[in-house]
Amino acid sequence: MPLESKPASGDDDDTKAEEVADADAWETVNQASALWSRAKSELEEADYHGFYRNLTHDSADPLAYTHNRVEGRTEYTQLLFVPGKAPYDIWDREHRRGLKLYVRRVFIMEDAQNLMPVYLRFVRGVIDSADLPLNVSREILQESRDVKSIREGSTKRVLAMLEDLAENHADRYKTFWSEFGQVLKEGMGEDFANSERLSKLLRFHSTHDESADAAMVSLTDYVGRMKDGQEKIFYVTGDTLAAARNSPHLELFRKKGIEVLLLVDRVDEWMLNFLHEFDGKPLVSVARGDVDLGKLEDETEKAEREKVADEFKTLVDGVRAALDGKVKDVRVTNRLTDSAACLVSDEGDISGNLERLLKQAGQKAPDRKPILEINPTHPILRHLVGSPGNVPEWSQLLFDQSMLAEGGQLEDPAGFVKRQNDMMLALLLKSGG
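The opening residue of the sequence shown carries number 729 in this note's numbering; numbering runs sequentially from there.
Treat the hints with care, since some could be wrong.
Stated by the list, open to error - Here are the simulated lysine to aspartate or glutamate pairs, DMTMM-like style, with alpha carbons at most 25 Å apart: (1) K1041 - D1007; (2) K1056 - D1128; (3) K768 - D789; (4) K1054 - D1066; (5) K1056 - D1045.
Unchecked claim - Using C-beta positions, here's what the derived DEER-type ranges look like: (6) D1066 - R781: 27 to 33 Å; (7) R1147 - G1114: 37 to 43 Å; (8) K1035 - E918: 47 to 53 Å; (9) R781 - L862: 37 to 43 Å; (10) R833 - R1096: 33 to 39 Å; (11) E867 - K902: 27 to 33 Å; (12) E918 - A1093: 22 to 28 Å.
Simulated from the structure, these hints should not be mistaken for lab results.
Just so it is clear, CB atoms sit at the ideal spot from N, CA and C, and this is done for glycine as well.
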C-alpha cells in the first residue's frame, strides 16, 4: 500500500503564515450595525445622503438632517431629514409616511404618526427607542409618556434644523418654504408651545419690494423696517398675489411708505386666528375697520378728515339709503388716493376673502355686510356732491366696482353691465360724442 504524502513541517508553517496574511488583508464590505446607531464621527455627509435615498427612494439629497442620541428619562436615537420636494399627497393630513419606529434596532412600524405633529408631516427619518416594548401598538403609542417625550424632542430638533437653514442657508430655506411653507403655517394653530419659534420662521410677500424676483420677508425683517412711530404690523389678504398687490386698501400705505404684508395662501386666513402679534406689535388688516395710523397721522390730517366728513354728510346719507340692505354703513375714508370707493369689513366681522374661501369650500359663511368707504378726493365723488340727482345709480355702480376690486362675485353681473353701459351712453350723449 502506498504511503500517504504529508507536507514537511517547514511547508506546514509557511502555509499557516500565508492564511494569516490573507486574513489580515480582508476588509469589511457590510456594516452590521444600523447607520443611526453609529457615532456621528464615523459618518460623512455622503453616508447620510445615501441612507436618505434608500429610506425614501428619493433621487435628490435632503435639504437638511439631524442625527442625535438622547439620554435621560427617555433614551432614543433620532435621524431626521427635511426633503427638498413635497410629495404629491402632502395635503392629505391623515396619510403620513414620515417616521419609521425601531425599538433597540428592531423594526416595529412603518408609519409612526404619534412621533411627529401633523404640521411636520413632511419630515422623514428613523426613531430608535431604548425604552418602548417590542410589542408596542398604535394604541400604546397614543398613551405613552415616552412617546410624548420623543415627540416633543423631535419637534424641537426639526425646528432647530429649519432655524439653521433660515439663518445660514437662505437659498435652501427658500426652497423649503416654496415646498412646505403652507404646511408649516398649520403649526401656528396646532403647536402653541412652539408658536414663537414658528412665527420667526414664517415668510410673506410684502410691499417692501414688489419686483418679480423679490425675496419673501420674515416678521423680524418687517419689524426692523417699521417707521418711527409705527405701532402695528399691517397686512392684506387676497386670492392671488396680483389681487393683493393691486388692492385699493394699500393706496394710503403706499403714499406714506408704510410696508404691508401680502398674505395670499389659503391657510393664511385660518392662521391669523392664532397669529395676533409679533414682538409685541399687533397684526392689523388694512381692509378691516377704520384706518388708524396712530402717530403716523398728524393732527392736520385728522382735522382735514373731520372737515371733509361734514362736507360729504348729505352725499353719504344718500349713498347709504341707496344701498340699504347691502352694506352695514357708508363713510368717507382717507385710505384711498386713486380709487373711488372700496369695501371693508367691520371689526369682528370676517373678511371678504375668508367669506369667499368658505363658499368655495362649500361651507356656510357667517352673514356679512361690508362697509362702503368713498374717496372724497375722487372726481366722481366730487361731482356727486354737486349733482345729487344721480346718486342711486352711481351708488350701485360704486358698490359693484368695489366688490369686483376685492375679488368678490356680483349677485347680478348682467345688471351691472347694463347699468354701466347705460351710464356711459348717457355721458356720451351729454357730451355730444
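Each hint tested on the structure:
1. K1041 - D1007: violated, 40 Å
2. K1056 - D1128: holds, 15 Å
3. K768 - D789: Measuring from Cα to Cα gives roughly 18 Å; hence the hint holds.
4. K1054 - D1066: holds, 24 Å
5. K1056 - D1045: Within the cut-off at roughly 13 Å; holds.
6. D1066 - R781: 27 to 33 Å: Between D1066 and R781, where Cβ atoms are some 54 Å apart, the hint is violated.
7. R1147 - G1114: 37 to 43 Å: Cβ of R1147 to Cβ of G1114: about 22 Å, so the range 37 to 43 Å is violated.
8. K1035 - E918: 47 to 53 Å: Taking Cβ atoms as reference, K1035 and E918 lie about 49 Å apart, which means the hint holds.
9. R781 - L862: 37 to 43 Å: violated, 28 Å
10. R833 - R1096: 33 to 39 Å: This hint is violated: roughly 58 Å between Cβ atoms.
11. E867 - K902: 27 to 33 Å: violated, 41 Å
12. E918 - A1093: 22 to 28 Å: Once the Cβ atoms are compared, 24 Å apart, the range 22 to 28 Å for A1093 and E918 holds.
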